[in-house]
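> Once you've looked at the hints, dock chain L against the given chain G.
Number of protein chains: 2
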Amino acid sequence: MSKILMSHGAGGEKMKQLLDTFILPKLRSDIGDVPLSALDDSGIIDDIVFTIDGHTVKPIFFPGGDIGSLAVAGTVNDIAVMGARPVALALSLVIEEGLDGQDLEKIMDSISLASEKAGVPVMAGDTKVVERGAADKIVVTTAGIGVRSNALDINIKKLKKIRHTHIRWLRDSNLQPGDKIIVSGTVGDHGIAVLSCREGYGFESEILSDVCSLNSMIEKALHVGGIVSMKDPTRGGLANTLNEFAEKSGVGIEIDEEFIPLNPAVIIACGLLGLDPLEIGNEGKVVIGVAPEKADEVLACLRATEEGKNAALIGQASSEIKGVVMKTSVGGRRVVEPPIGDPIPRIC
Amino acid sequence: MSKILMSHGAGGEKMKQLLDTFILPKLRSDIGDVPLSALDDSGIIDDIVFTIDGHTVKPIFFPGGDIGSLAVAGTVNDIAVMGARPVALALSLVIEEGLDGQDLEKIMDSISLASEKAGVPVMAGDTKVVERGAADKIVVTTAGIGVRSNALDINIKKLKKIRHTHIRWLRDSNLQPGDKIIVSGTVGDHGIAVLSCREGYGFESEILSDVCSLNSMIEKALHVGGIVSMKDPTRGGLANTLNEFAEKSGVGIEIDEEFIPLNPAVIIACGLLGLDPLEIGNEGKVVIGVAPEKADEVLACLRATEEGKNAALIGQASSEIKGVVMKTSVGGRRVVEPPIGDPIPRIC
Numbered sequence: 001m002s003k004i005l006m007s008h009g010a011g012g013e014k015m016k017q018l019l020d021t022f023i024l025p026k027l028r029s030d031i032g033d034v035p036l037s038a039l040d041d042s043g044i045i046d047d048i049v050f051t052i053d054g055h056t057v058k059p060i061f062f063p064g065g066d067i068g069s070l071a072v073a074g075t076v077n078d079i080a081v082m083g084a085r086p087v088a089l090a091l092s093l094v095i096e097e098g099l100d101g102q103d104l105e106k107i108m109d110s111i112s113l114a115s116e117k118a119g120v121p122v123m124a125g126d127t128k129v130v131e132r133g134a135a136d137k138i139v140v141t142t143a144g145i146g147v148r149s150n151a152l153d154i155n156i157k158k159l160k161k162i163r164h165t166h167i168r169w170l171r172d173s174n175l176q177p178g179d180k181i182i183v184s185g186t187v188g189d190h191g192i193a194v195l196s197c198r199e200g201y202g203f204e205s206e207i208l209s210d211v212c213s214l215n216s217m218i219e220k221a222l223h224v225g226g227i228v229s230m231k232d233p234t235r236g237g238l239a240n241t242l243n244e245f246a247e248k249s250g251v252g253i254e255i256d257e258e259f260i261p262l263n264p265a266v267i268i269a270c271g272l273l274g275l276d277p278l279e280i281g282n283e284g285k286v287v288i289g290v291a292p293e294k295a296d297e298v299l300a301c302l303r304a305t306e307e308g309k310n311a312a313l314i315g316q317a318s319s320e321i322k323g324v325v326m327k328t329s330v331g332g333r334r335v336v337e338p339p340i341g342d343p344i345p346r347i348c
Numbered sequence: 349m350s351k352i353l354m355s356h357g358a359g360g361e362k363m364k365q366l367l368d369t370f371i372l373p374k375l376r377s378d379i380g381d382v383p384l385s386a387l388d389d390s391g392i393i394d395d396i397v398f399t400i401d402g403h404t405v406k407p408i409f410f411p412g413g414d415i416g417s418l419a420v421a422g423t424v425n426d427i428a429v430m431g432a433r434p435v436a437l438a439l440s441l442v443i444e445e446g447l448d449g450q451d452l453e454k455i456m457d458s459i460s461l462a463s464e465k466a467g468v469p470v471m472a473g474d475t476k477v478v479e480r481g482a483a484d485k486i487v488v489t490t491a492g493i494g495v496r497s498n499a500l501d502i503n504i505k506k507l508k509k510i511r512h513t514h515i516r517w518l519r520d521s522n523l524q525p526g527d528k529i530i531v532s533g534t535v536g537d538h539g540i541a542v543l544s545c546r547e548g549y550g551f552e553s554e555i556l557s558d559v560c561s562l563n564s565m566i567e568k569a570l571h572v573g574g575i576v577s578m579k580d581p582t583r584g585g586l587a588n589t590l591n592e593f594a595e596k597s598g599v600g601i602e603i604d605e606e607f608i609p610l611n612p613a614v615i616i617a618c619g620l621l622g623l624d625p626l627e628i629g630n631e632g633k634v635v636i637g638v639a640p641e642k643a644d645e646v647l648a649c650l651r652a653t654e655e656g657k658n659a660a661l662i663g664q665a666s667s668e669i670k671g672v673v674m675k676t677s678v679g680g681r682r683v684v685e686p687p688i689g690d691p692i693p694r695i696c
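Chains as they are written, first to last, in my numbering: chain G, 1 to 348; chain L, 349 to 696.
Quick caveat, the hints were computed from the structure, so don't treat them as lab data.
Any given hint might turn out to be false.
List of simulated lysine-lysine pairs, DSS-like, C-alpha gap at most 27 Å [what the hints assert, rightly or not]:
{"no.": "1", "chain 1": "G", "residue 1": "Lys106", "chain 2": "L", "residue 2": "Lys374"}
{"no.": "2", "chain 1": "G", "residue 1": "Lys3", "chain 2": "L", "residue 2": "Lys406"}
{"no.": "3", "chain 1": "L", "residue 1": "Lys374", "chain 2": "G", "residue 2": "Lys26"}
{"no.": "4", "chain 1": "L", "residue 1": "Lys657", "chain 2": "L", "residue 2": "Lys465"}
A few chain G residues that face chain L, going by a derived Cβ cut-off under 7 Å, partial list only [to be verified]:
{"no.": "5", "residue": "Pro264"}
{"no.": "6", "residue": "Ala300"}
{"no.": "7", "residue": "Ala304"}
Just so you know, even glycine gets a beta-carbon here, dropped at the ideal spot from N, CA and C.
Okay, chain G solo, but in the shape it has when bound:
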């Protein structure tokens, strides 16, 4: 790999190659309760949950959100899916000289609103300005910290009534055969909304990004109990998330195409553009692995919330198969591979 390519940043197999070649071998990746090598949504050390995300979405304003709301939601969700309560954000702005003051104001308004709604304040920040051409308008990097939530303890207590388990955090590796897979709503909206807006494909009026902080909904679901794993299906989409669950947990996952919630306009857009909605990134969805005894109750809880009203049970973990296999709507079966590279760059 003599030059870094766009596909190396895309959250699929090529990205894994970049991480395995350049990043992970260089770092002590064995430290902490959830070490860096776990490649989970956040790292955990001394019961502090810690995560970071750089945002380079293009365009910076898109239907349903902007780089500001994205930067808050992305980080809040990465903490919440571990079972933690997000406590604070840190915000780093790298601004290209010449950015409109009004645009910066809109982005900051959006960060402010998203931070208030999620109940997670910005506690630290840094601002740099670089000359024209050294950035594309603005890069917003958000780090977040979280602490063990009471809701997680309740969830695990209830899980222990069902099975013997040593789970302490909602890691990707916790799934057991039989655990049900729930997705909290329609998939593919964010990526298609950003792509359509950028390229002028005309779906902008029908498809909005789902960008949204999910910490409140997740806390409610944890009170129901029985949840073992959670992940937000961002880069690489549902296909990547399910493959990460399967690989890290050492189980197969079978899903049913018929049950996957999809916005009809996303189906049409994906059909026209030759894209697979399962590979498209989301910014306001969570995929949940839950003990079968609690699956219906967790689903009902999600559906009672605005963010989770389209939640659906889409499949289960299994010891009978390897990888991720989907029963298609026409009755066949196909393997759902992790995407090689993201079909849509710069959506987050």
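Chain L in isolation, oriented as in the chain G frame:
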């Protein structure tokens, strides 16, 4: 302010204007033990110290360091100067397509080495790739978390034997008249090294960046006791740091030019380039405010370390004056203003 300009990112008065106009009014800045509005080196909430810094240094490799060692040291130092023990780093890379794999490898080696030396592991990360022209090679953003250090408790216990105080963290606002000001070594090296390398001025062989994690040295100094404030004089240099101390603590500061440690080559370079070394950013220095009873002992402790061997006592806080006033080496007095804009952009 209709457009954002380079000077808005420079850590002086213009930067303050940007923060006061666009950033701070948008954020709930009153939360935490050290809130965002304090504009201290880190924010503190629930005894967790949290900070972030985006690094856009140009060139990415410079005499004495590179963007990788810079990214680690900058964040480690921002935590250490609050009196905290840095626990973990999070690393966000935004890479321009086409970056040489070898360059990425060198940067990661440097991050690895700096993280090992400082004893602070990378616990979380994110990597994005953007198309050519959407970044200048690479942006490295580092966030860090720290926890209350035992050394800080020892320092405060010893301080309380000298004076009645409610200090809990080493905030910029803790100085009292009479407190001594120590700088841990020569100032201006980092900024001049980067500038000289970028522009080919020819000082590269004589002036190396001071980039260095100071957590170990700071911990030793805290064991001596009596320290009230600390700050690393990065963007805006010593001039900006002293003015922040003075303004936030509501005291004047008088310093003596003669005692300020300066590398002779930095004096020559600044003379030729018309720059004031007090306004040049550093990446391996700390400015310390300490109770007068403990000043000599702290100074001796610093001087016994490799990082602090050139430490010097340069002045004291005073109720007799306002702002920062310097006794010049020719016997006059001049006001040291905070720089309007950084004389050297993109040094960090």
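> Hint by hint, note whether the structure agrees.
Hints, one by one, checked against the model:
1. G:Lys106 - L:Lys374: holds, 10 Å
2. G:Lys3 - L:Lys406: holds, 20 Å
3. L:Lys374 - G:Lys26: Distance of about 38 Å is beyond 27 Å: violated.
4. L:Lys657 - L:Lys465: holds, 18 Å
5. Pro264: violated, 31 Å
6. Ala300: This hint is violated: Ala300 (chain G) lies away from chain L, its Cβ roughly 33 Å from the closest one there, beyond 7 Å.
7. Ala304: Check failed: Cβ of Ala304 (chain G) comes no nearer than 29 Å to chain L, outside 7 Å.
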